[in-house]
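J.: Residue-level listing of the chains:
There are 2 protein chains.
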Amino acid sequence: MEKLAIGIDIGGTNSKFGLVTADGRVVAQGSLPTQHYPDFDRYVEELSVAIRQLVEKAAPGAPIEGVGVGAPNASFFNGTIENAANLPWKGIVPFIEKLSPYFPECPMFVTNDAKAATIGEMVYGNARGMSDFIVITLGTGLGSGFVVGGKLVLGHRSFAGELGHTIINPGGRVCGCGRHGCLETYVSATGICRTVFNLLADHTEASEFRGIPFNDLTSEKITQAALAGDPFAIEAYEYTGKILGESLANAVTVTDPEAVFLFGGLAKAGKYIFEPTGRHLNANLHPNYKNRVKLLPSGIDGMNAAILGASASIWHNAH
Amino acid sequence: MEKLAIGIDIGGTNSKFGLVTADGRVVAQGSLPTQHYPDFDRYVEELSVAIRQLVEKAAPGAPIEGVGVGAPNASFFNGTIENAANLPWKGIVPFIEKLSPYFPECPMFVTNDAKAATIGEMVYGNARGMSDFIVITLGTGLGSGFVVGGKLVLGHRSFAGELGHTIINPGGRVCGCGRHGCLETYVSATGICRTVFNLLADHTEASEFRGIPFNDLTSEKITQAALAGDPFAIEAYEYTGKILGESLANAVTVTDPEAVFLFGGLAKAGKYIFEPTGRHLNANLHPNYKNRVKLLPSGIDGMNAAILGASASIWHNAH
Chain X
1 MEKLAIGIDI
11 GGTNSKFGLV
21 TADGRVVAQG
31 SLPTQHYPDF
41 DRYVEELSVA
51 IRQLVEKAAP
61 GAPIEGVGVG
71 APNASFFNGT
81 IENAANLPWK
91 GIVPFIEKLS
101 PYFPECPMFV
111 TNDAKAATIG
121 EMVYGNARGM
131 SDFIVITLGT
141 GLGSGFVVGG
151 KLVLGHRSFA
161 GELGHTIINP
171 GGRVCGCGRH
181 GCLETYVSAT
191 GICRTVFNLL
201 ADHTEASEFR
211 GIPFNDLTSE
221 KITQAALAGD
231 PFAIEAYEYT
241 GKILGESLAN
251 AVTVTDPEAV
261 FLFGGLAKAG
271 KYIFEPTGRH
281 LNANLHPNYK
291 NRVKLLPSGI
301 DGMNAAILGA
311 SASIWHNAH
Chain Z
1 MEKLAIGIDI
11 GGTNSKFGLV
21 TADGRVVAQG
31 SLPTQHYPDF
41 DRYVEELSVA
51 IRQLVEKAAP
61 GAPIEGVGVG
71 APNASFFNGT
81 IENAANLPWK
91 GIVPFIEKLS
101 PYFPECPMFV
111 TNDAKAATIG
121 EMVYGNARGM
131 SDFIVITLGT
141 GLGSGFVVGG
151 KLVLGHRSFA
161 GELGHTIINP
171 GGRVCGCGRH
181 GCLETYVSAT
191 GICRTVFNLL
201 ADHTEASEFR
211 GIPFNDLTSE
221 KITQAALAGD
231 PFAIEAYEYT
241 GKILGESLAN
251 AVTVTDPEAV
261 FLFGGLAKAG
271 KYIFEPTGRH
281 LNANLHPNYK
291 NRVKLLPSGI
301 DGMNAAILGA
311 SASIWHNAH
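Protein chains in written order, with my numbering: chain X, 1 to 319; chain Z, 1 to 319.
Next comes chain X alone, as it looks inside the complex (with noise of 0.2 Å):
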């Protein structure tokens, strides 16, 4: 019988989970609203009886191997979420500590989305046989991991690989972290959106966006609106890719990886954001790097990809 890995995905809206092979395969799936359970110990007792009847109908009497488990300001060295602002959980939440007695004898890790989707990238995606390589993922803010002779960068405290809060602009644009001119303020779904009000406060052009509020603006508009030629919204793109594209060059001096690979919503947006971002990074690189960094799509990139990357630290010891 085959051997499976859980993978737990953990987000202010839903917490998913899946049952996942060695080599990828999401053989079964379901989740739970997050927010529907302010108590976190019914929770945890919800998700684990949730998993278990997975289990029994999907694939009874296979083993498991363990379970994975991304969630935002997740501490892999402590098991726990800290102060986890979209999450119904308050303070620091002992994760491992309340799940682990529901999947005895299981190894367990609970680490970032970001982290989580890079070991995914090493097991299951483009990055296998990869040693050195850097993922940036594109969400509501900008995650990373670096991967450095083929482990996982933790840090002292296991708060490595937050380059979006490298300040690239001092003074620049406000950040939720209460500073100013971090990468994700330029570099995300969010700035993107800010860049385009940005454009149009600047200039005078007839663009589709004159007619769109803040609230309603996304990244997905914007991506729509490259594609059917609007200035703005290449001028946006052109920008975001500018600045990843310089803070890239400077991430490539510290860890001279392989390959960067972008995942999440401005990924999709293909050349568009592809083809600024390499034009910058290579304009701005030393000469010992230029032109020899691979900017690649991800490859695990799509509705799977949270369980999946949770998952994957299961078959990969990447710690």
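Think of the hints as simulated: they come from the structure by calculation, not from any bench. Incorrect hints may have been included.
When the alpha-carbon atoms are kept at most 20 Å apart in a straight line, the in silico SDA-like pairs for lysine to any residue are as follows [as the list claims (entries may be wrong)]:
| id | chain 1 | residue 1 | chain 2 | residue 2 |
| --- | --- | --- | --- | --- |
| 1 | Z | LYS290 | X | ASP230 |
| 2 | Z | LYS290 | X | GLY171 |
| 3 | Z | LYS242 | X | GLY181 |
| 4 | X | LYS290 | Z | ALA59 |
| 5 | Z | LYS57 | Z | GLN29 |
| 6 | Z | LYS242 | X | GLY171 |
| 7 | Z | LYS3 | Z | SER75 |
| 8 | Z | LYS290 | X | PRO170 |
Calculated from the model, a selection of chain Z residues having no Cβ within reach of chain X, i.e. all distances over 12 Å [unchecked claim]:
| id | residue |
| --- | --- |
| 9 | LYS3 |
| 10 | VAL26 |
| 11 | GLN29 |
| 12 | ALA58 |
| 13 | GLY91 |
| 14 | GLU105 |
| 15 | GLY139 |
| 16 | ARG157 |
| 17 | ARG173 |
| 18 | ALA189 |
| 19 | ARG194 |
| 20 | ALA201 |
| 21 | GLU205 |
| 22 | SER207 |
| 23 | PRO213 |
| 24 | GLU220 |
Even glycine gets a Cβ: it sits at the ideal position worked out from N, Cα and C.
Please build the complex by placing chain Z on the supplied structure of chain X, with the hints as guidance.
T.: Using the frame of chain X, we list chain Z on its own:
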């Protein structure tokens, strides 16, 4: 009989070498004038003879555990020195291939100066017992070494750790690498001299620096002037610390180190460099890291640091 490692530090002026014990005592040392040997084969032969003579004289019959070499533009993976501007041998020099016949059965590593200093800090210095830290070497340029999970970060082609070539001011000062605004054009022995000349240009106050031509200014003179209360010297260190603190705040988000060590000439300025660097580091750190990263002096900085650093890889398998 005590086991010894051979450490060789290849500089533009001199090649220093020494016999080092596992606990970091340099039991004997010598040097050769690098520029006297335009012929590389001749250089390697003389170097090996000089080392053999040193062993015969200082520790006859002692078991040699290995040879560690620190050199500018060294490629760890290839065992080569590549296009080093300040060395007499042009192009790519196969250092390990040429030296290893003289020391058969010895492990032999070549790495760049900053990475050698970093391994030295880990094996003999103030980073003993730490798994995650950064070393910044402040010489003519700015070198760096990143240690993650107890291993030196080498990268895909061993060019990791070039923090001195992150662009911190696009379009800023011209760098030796051909680009503009690299960190080392601001934060290094030459960078702080450039800063003093900017200050002399922008302000009108009297200063001893108004009588010193650019070619005669050194970072040691600036440190002496700071100790004597010269406002330009103190302001130059404040500015240098601001740029370094801001850069380290970004580097910390990538690898989440326990500590950052400052090594080299500028670090000898003590409070003049440590105080502003630490203040600007913490002022710019993301809340996750604020006041949690130690800023410390190197524990191996001094006359034998280069030999110690070069030899350290023999005792610590940092690869």
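J.: Each hint needs a verdict: does it hold in this structure or not?
T.: Taking the hints in turn, this is what the structure says about them:
Distance hint between LYS290/Z and ASP230/X is unfulfilled; the C-alpha atoms sit about 42 Å from each other, more than 20 Å. Among the hinted pairs, LYS290/Z with GLY171/X is consistent with the structure: their alpha-carbon atoms are about 18 Å apart, no more than 20 Å. With a C-alpha separation of about 16 Å, the suggested pair LYS242/Z and GLY181/X falls inside the 20 Å cut-off, and the hint holds. For a cut-off of 20 Å, the pair hint linking LYS290/X to ALA59/Z is broken: about 47 Å separates their Cα positions.
Note on LYS57/Z and GLN29/Z: the hinted pairing holds, with a Cα-Cα distance of about 11 Å set against a maximum of 20 Å. Our distance criterion of 20 Å between C-alpha atoms is met by LYS242/Z and GLY171/X, whose separation comes to about 14 Å. Note on LYS3/Z and SER75/Z: the hinted pairing is violated, with a Cα-Cα distance of about 27 Å set against a maximum of 20 Å. Among the hinted pairs, LYS290/Z with PRO170/X is consistent with the structure: their alpha-carbon atoms are about 17 Å apart, no more than 20 Å.
Non-interface call for LYS3/Z relative to chain X: holds, since the shortest CB-CB distance, roughly 28 Å, exceeds 12 Å. For VAL26/Z, the shortest C-beta to C-beta distance to chain X comes to about 30 Å, beyond the 12 Å cut-off, and the non-interface label holds. With a minimum CB-CB distance of about 32 Å to chain X, GLN29/Z clears the 12 Å threshold, and the non-interface call stands. In this structure ALA58/Z is separated from chain X by more than 12 Å, as the shortest Cβ-Cβ distance comes to about 37 Å.
Against chain X, the non-interface label of GLY91/Z holds: every CB pair exceeds 12 Å, the least being about 15 Å. Listed as outside the interface, GLU105/Z is consistent with that label: its C-beta sits roughly 27 Å from the nearest C-beta of chain X, beyond the 12 Å cut-off. No Cβ of chain X approaches the Cβ of GLY139/Z within 12 Å, the least distance being about 17 Å, so the stated non-interface status holds. Not every beta carbon of chain X lies more than 12 Å from that of ARG157/Z, the smallest distance being close to 6 Å; the non-interface claim is violated.
Distance check for ARG173/Z against chain X: the nearest CB is about 15 Å away, which clears 12 Å, and the non-interface claim stands. With a closest Cβ-Cβ approach of about 20 Å to chain X, ALA189/Z is found to remain outside the 12 Å limit, as its non-interface label requires. Distance check for ARG194/Z against chain X: the nearest CB is about 20 Å away, which clears 12 Å, and the non-interface claim stands. At roughly 23 Å, the least C-beta separation between ALA201/Z and chain X is larger than 12 Å, which holds for a residue marked as non-interface.
Non-interface call for GLU205/Z relative to chain X: holds, since the shortest CB-CB distance, roughly 27 Å, exceeds 12 Å. Listed as outside the interface, SER207/Z is consistent with that label: its C-beta sits roughly 28 Å from the nearest C-beta of chain X, beyond the 12 Å cut-off. Annotated as non-interface, PRO213/Z keeps its C-beta farther than 12 Å from every C-beta of chain X; the closest such distance is 31 Å. Under the 12 Å C-beta cut-off, the non-interface status given to GLU220/Z relative to chain X holds; the minimum distance is some 28 Å.
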